[in-house]
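Participant: First to last, the protein sequences are chains A and B.
Residue numbering for the first sequence follows the numbering used here, starting at 1 and increasing by one per position.
Residue numbering for the second sequence follows the numbering used here, starting at 1 and increasing by one per position.
Keep in mind the hints are simulated off the structure, nothing from the lab.
Facing chain A, from chain B, some residues (calculated, C-beta under 8 Å):
| hint | residue |
| --- | --- |
| 1 | R79 |
| 2 | R80 |
| 3 | F86 |
| 4 | D88 |
| 5 | D90 |
| 6 | F94 |
| 7 | N108 |
| 8 | L109 |
| 9 | H138 |
With the C-beta cut set under 10 Å, the calculated list includes, among others, these residues of chain B facing chain A:
| hint | residue |
| --- | --- |
| 10 | I84 |
| 11 | L93 |
| 12 | D100 |
Beta-carbon label-pair distances, calculated as ranges:
| hint | chain 1 | residue 1 | chain 2 | residue 2 | range |
| --- | --- | --- | --- | --- | --- |
| 13 | B | D134 | A | M152 | 16 to 24 Å |
| 14 | A | R181 | B | G110 | 52 to 60 Å |
| 15 | A | A195 | B | L185 | 36 to 44 Å |
C-beta: ideal position from N, C-alpha, C; glycine also.
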Amino acid sequence: MGAGHGHKLHYHGHSPIHRAPAHVKVATLLVFALTVVATPREWFPVFAGYLLLVLGVIAVSRVPFGYIAKRMVVEVPFLVFAALMPFLSTGPRTEFLGLTVSEPGLLAAWALVAKGTLGVLASLTLAATTEAHHLLAGLSRLRLPEQLVAIMGFMVRYLDVVTEEMRRMRIALASRGFSARNPRHWPVVARSAGALFIRSYERGERVHLAMVSRGHGLAATPEQP
Amino acid sequence: MSTPVLDVRGLAYAYPDGHQALYGVNLHVHRGERVALLGPNGAGKTTLVLHLNGILQAGAGSVAVSGLPVTKPNLAEIRRRVGIVFQDPDDQLFMPTVRDDVAFGPTNLGLRGDALEQRVHEALAKVGMDAYADRPPHHLSFGQRRRVAVATVLAMEPEILVLDEPSSNLDPASRRELAAILRDLDVTVLMVTHDLPYALELCPRSVVLSDGVVVADGATYDVLTDEALMRAHRLELPFGFDPRTVTLP
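Chain A on its own, in the form it takes in the complex (with noise of 0.2 Å):
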């Protein structure tokens, strides 16, 4: 019924970095982006280091680097910012590949990559490594809010209905000669967004009446009013 299987970050294996407890990962996540953030960008070996780090886990990971390339497309925003700071920024100027540049700018163009780049690479490599309800029962152990694990689970689990239902939605437009590329088309696309989220929000009141109907909310002992 439409929704693929698996999520699309997680890739499935069995190594020691699939096993580990899930919380563990979280937390050594948390750790290690908080020392890359705080490392003085001057120190340019220990970042060569911390990516040997990082590269070393993904080859016991087992996940084909080119499955974690391939998803390092979100930072593309961060790496043309990180591009222009060299160009934008003001103060002493130097020499860079043959261009006259910022100086201060050009560092913090480093700085954003490479910390930027190593974040992001950690990340994808816990989701490949983890699969997403395991994540949620991690977060909970490290004490996080029940809500919060209790929203991200919805999350998790109605991306994939949601995605599905502007699937069929996006068919049904086309169906009936609607073209994204034709400006007088765009408001239908404000308008499906709108019904959309309609949708969303009268799932969100059935499943919350279907949670009620199974005794959520109430005590197991029925003697409060």
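We have chain A; now place chain B onto it with these hints.
Facilitator: Just chain B, lined up with the frame of chain A:
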């Protein structure tokens, strides 16, 4: 006579916007019965169902489940006794795995540990989905999801199982499998449906709700063959189906 599992008396209800949906409904269902609730769209079937477990509170009249009135102090016990399976399994199955979903109801009842595990296992076995406990619900076929939805309610060991359009969107094979499961369950069933052949197949008794009142209550065969009644309440048999010529299982 024993206490009926479901005892609805003079139930009337108007929605907050003033639209009156039910005008004095009377309905008794006894232990072990399988009853079909028939009626055209807008007859008030869903409104009636939502009164059975106290989601909606009666405007007038009363609802009791095995003698326990549906009132606020009794809600937790009422929701254990009345298990509603909603039409869209995607609304009912919201947990990461089938096991978690089936455990949701019993957990709310206070079950933990082995007792909980046992409940989940039994409920899944009853619908033939025991092998799928660790799968995420959205990876199952629609028919399998409907069966898991039934299990989520069976796990609460209800006294009455209320099914909203159980055969909708099922292919003929899933439809037949679900019928076999429902027939084998040792539980009282109230089935809301437009699927008249399914009602005839599964439910010896039918109740017709139209414009917020019960207009017929009798053997399903008699209801479906009463042409004047059927026409008056927008009930139609599917093309080519004649209750007089089918042999019941």
